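Participant: The lines below spell out each chain.
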Amino acid sequence: MLYFSKLRIVLVFLVSLFFIFIASSNLQNSEDSFISKKINLGLDLQGGSYLLLEIDNGPVKTQKLQNTTTLIRNFFKNKKIKFNDLRIVDNKIIFIVAKNNQELVKEFFLDKESEINPYYNQYKSHQFDLSIEDDKFTLVLSKYGLIEIKTSSQDQAIEIVRRRVDEVGTNEPNILKRGNNRILVELPGLDDPMRIKSLLGKTANLTFRFVTQNNNDTFGTEMLSFEDGATEVMVSKRIILNGENLLDAQPQMNNQTNETVVSFTLDRVGAKRFGKATSAGIGKQLAIVLDGKIVSAPVIRDTIASGNGQISGNFTFQSATDLALLLRSGALPAPLSIIEERTVGPDLGKDSIKAGVIALMIGFLLVIFFMLIKYKIFGLIANVTLLVNLFFLIGILTLFEATLTLPGIAGIILTVGMAVDANVLIFERIKEECKKEKNNIIAFDSGYVKSKTAIIDANITTLIAAIILFFMGSGPIKGFSVTLGVGIFTTLFSVYFIARMFTGLYVVKNKEKDKLI
Amino acid sequence: MSLSLVVISILLLFFKGLNFGVDFKGGTLIELRADDKNINVTSLRQSFSKMNIGDFNVKKFGNENDYLIKIEKKDTSTNAIEVIKKKLRLSVGNSFNFRRVENVGPKVSAELLKSGIIAIALSLVAMLFYIWIRFEWQFSLGAILALFHDVIITLGLFSLLNLEINLSIVAAVLTIVGYSMNDTVVIYDRVRENLKKFSDIKIFELTNISINETLSRTIITSVTTLLALVSIYLFGGEILKGFSLAMIMGVIFGTYSSIYIANPVLVKLRVSQKTILKEDSE
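From first to last, the protein sequence lines are chains F and E. 1 is the number of the first residue of the first sequence in the UniProt record's numbering; add one for each residue after it. 1 is the number of the first residue of the second sequence in the UniProt record's numbering; add one for each residue after it.
Don't read these hints as lab results, they were simulated from the structure. Please note: incorrect hints may appear among the correct ones.
[As the list claims (entries may be wrong)] Once the Cα atoms are required to be at most 25 angstroms apart in a straight line, the calculated SDA-like pairs of lysine to any residue come out as: (1) F:177 with F:204; (2) E:85 with E:134; (3) E:60 with E:40; (4) E:86 with F:347; (5) F:450 with E:133; (6) F:450 with E:208; (7) F:450 with E:136; (8) E:241 with F:370; (9) E:87 with E:29; (10) F:450 with E:29; (11) E:197 with E:268; (12) F:431 with F:377; (13) F:452 with E:87; (14) F:77 with F:91; (15) E:196 with F:177; (16) F:82 with F:40; (17) F:436 with E:133; (18) F:452 with E:72; (19) F:202 with F:70; (20) F:478 with E:148.
On a predicted model such as this, the values are computed, not experimentally measured, just so you know.
With the rest of the complex left out, here is chain F (with noise of 0.2 angstroms):
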């Protein structure tokens, strides 16, 4: 029936003024204010830029099937099995095992406890399947043994990417997992992400080893190039140091050269060893290697014993402090690629805000005036509607602090042409049933009833579209798909609390006025 009782009629009230000042809250500048809360602006109203990062794990996984290959062969030697011809193609490890061991060396990998084939209690399995034929073992990765170095690899990375940003000392980065191989980072107000992105892609893997001059070098050697790719000397493959043993790094300016460097100081163990080799090594050259490229290599003239050094090789300042920031956040697991890159500046993020508010004002501006003519007094209800919608609909997004973006403003946009829909809905029922009923309070109530299963249905399919677009849309797609959905419910909400009021409220005044819409 269209009678509606005060208490109901103050809480509708009530509701309305509340979203009214959440929605408000938005045009205040202060942190204090009663609200804090605010609509985030998507990065492309509010400039920035946005980074999608790949893992390459191909390296990762060959380390892995190079340590699995030692770990046999140790394995075996000291079980004192023996085993022929070990090594490593495409992906898979092979070896030769005699008949009599077979048995012996399938338990090995295939048992639960096994130390060199580690099980997976929750994906029940092992880090490699393990395939014979005749005397021929072949292992390779699993499914799951791939999965867990891609998640190992993509949480290290994401650790490092956090360090390295942090260190840069953007504002409030948003850096999030995607996918089991990728890396998004969104940097809010950055206009040219270049430094950023150099940073990121380097895997600024640190290592100190000897120049050699002899290839019998137990470890191996192999030949490296100077950064400035001209030079080519042969170095060792043992490696002295690494970066983890890094505690600090800086830039310096060194006095005595006038030349920056970067100074690092080495946690214990990395200074006991650091001490070692250059008391063994004085006299020999050592190449301090970065992401396979020797940076320099300063020949030995003391033990260093402190654990502190200096890294010198035509730094300029910006440039030693990029290699600082990247010793101590540490190497990357693998190199990442960047994929996908969006950066959108400051001032275009304001015009596009700028012309989003103009189109949404002409907009509304536009239906109003419409409504108002087609309807005259119930125009007005549906516009008085409409604005409270709108206030609705922004208080929501205020309150969840969803994130607004440029398609999200058009969607807010497209809300207003659309919410109006429900009370034309109903309006053109109601002139309907006032053809056929005398009676304009029950002419009134059912052109509610029965225009309620069209609008469901209608809005219903309406909010199908947004919940896939949410799912399957990205960035500011999304931003659309939350206005477009949370439209949808306000929209239904004040038609059916507020519209339904205010026409009760007029229909039972003029029950007796003939051609009443």
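Please build the complex by placing chain E on the supplied structure of chain F, with the hints as guidance.
Facilitator: Showing chain E alone in chain F's frame:
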């Protein structure tokens, strides 16, 4: 007429194809604002052609001194953008800035395209299902044919006008799906109601009555939605132009198809009171 439009659209999509943007094709997009009157499309074109970066496209973008540069080559090396900026400084001077840079690698663009297609397909299936549950299969078939009609003609127009397809167009297409469905459902709801009321009227007349009864609502809602969309198109800035244009086309075709496709299908399928009563007795 609808059929011929759909056929033309399919032919266009097949032979001319769609103009995919960076989102779906990969590559680099740069929005550049120049503060110098000497920087124009010609001078930019010259400087970019000297950079040896493969196919590219320079055009004005809304404002007098805003330009949009699209580079097809997928170069996601860390300093690709920086190199372009440096080279551009050398040839046209310092008075410009990059307002927006989008760089999408081949892997990501392929994934975005895939998820866009899945999203549209999924929404069609979801609508089909919903109508099936709420009405009868005849209705669901009619509604889905109307949806196909709207989506294909909108895409066909994008192909004809050579407009760019990017992520926001996918969002627009999905919203069109929702909107067109919305229109169709309101009329169907009335058809169902009338089917229950009158047993002696032929389905052709019955759909006609239902369409007429809901016509003013259909038109008013389309008008208010179009008012909002036109306002986005005119005042919402360059970035939303494609989105709002797609939506405008979609709303027009969506309204048309609800009347001229969704309902004739019911007539063709000889929907009668029995169809509805069967539903009720089940």
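Participant: Do the alpha carbons of residue 82 of chain F and residue 40 of chain F lie within 25 angstroms of each other, as the hint requires?
Facilitator: violated, 65 angstroms
Participant: Does the alpha-carbon distance linking residue 196 of chain E and residue 177 of chain F stay inside the 25 angstroms limit?
Facilitator: violated, 55 angstroms
Participant: Residue 436 of chain F and residue 133 of chain E: Cα distance at most 25 angstroms?
Facilitator: With Cα atoms ~32 angstroms apart, residue 436 of chain F and residue 133 of chain E exceed 25 angstroms; violated.
Participant: Within 25 angstroms, alpha carbon to alpha carbon, are residue 450 of chain F and residue 29 of chain E?
Facilitator: Violated, at roughly 52 angstroms.
Participant: Under the criterion that the straight-line Cα-Cα distance not exceed 25 angstroms, is the pair residue 86 of chain E, residue 347 of chain F satisfied?
Facilitator: Status holds; Cα separation ~21 angstroms.
Participant: Does residue 70 of chain F sit within 25 angstroms of residue 202 of chain F, going by the straight-line distance between their CA atoms?
Facilitator: Roughly 28 angstroms between the alpha carbons, so the hint for residue 202 of chain F and residue 70 of chain F is violated.
Participant: For the pair supplied as a hint, residue 431 of chain F and residue 377 of chain F, is the alpha-carbon distance within the 25 angstroms limit?
Facilitator: Status holds; Cα separation ~14 angstroms.
Participant: Please work out if residue 478 of chain F and residue 148 of chain E have their alpha carbons no farther apart than 25 angstroms.
Facilitator: holds, 24 angstroms
Participant: Given the hint that residue 197 of chain E pairs with residue 268 of chain E, test it: the Cα-Cα distance must not exceed 25 angstroms.
Facilitator: Holds, at about 21 angstroms.
Participant: Are the Cα positions of residue 450 of chain F and residue 136 of chain E separated by 25 angstroms at most?
Facilitator: Status holds; Cα separation ~20 angstroms.
Participant: Is the Cα-Cα distance between residue 177 of chain F and residue 204 of chain F 25 angstroms or less?
Facilitator: holds, 21 angstroms
Participant: Hey, residue 60 of chain E versus residue 40 of chain E, does the alpha-carbon distance stay inside 25 angstroms?
Facilitator: holds, 9 angstroms
Of the numbered hints listed earlier, those contradicted by the structure are 2, 10, 13, 15, 16, 17, 18 and 19.
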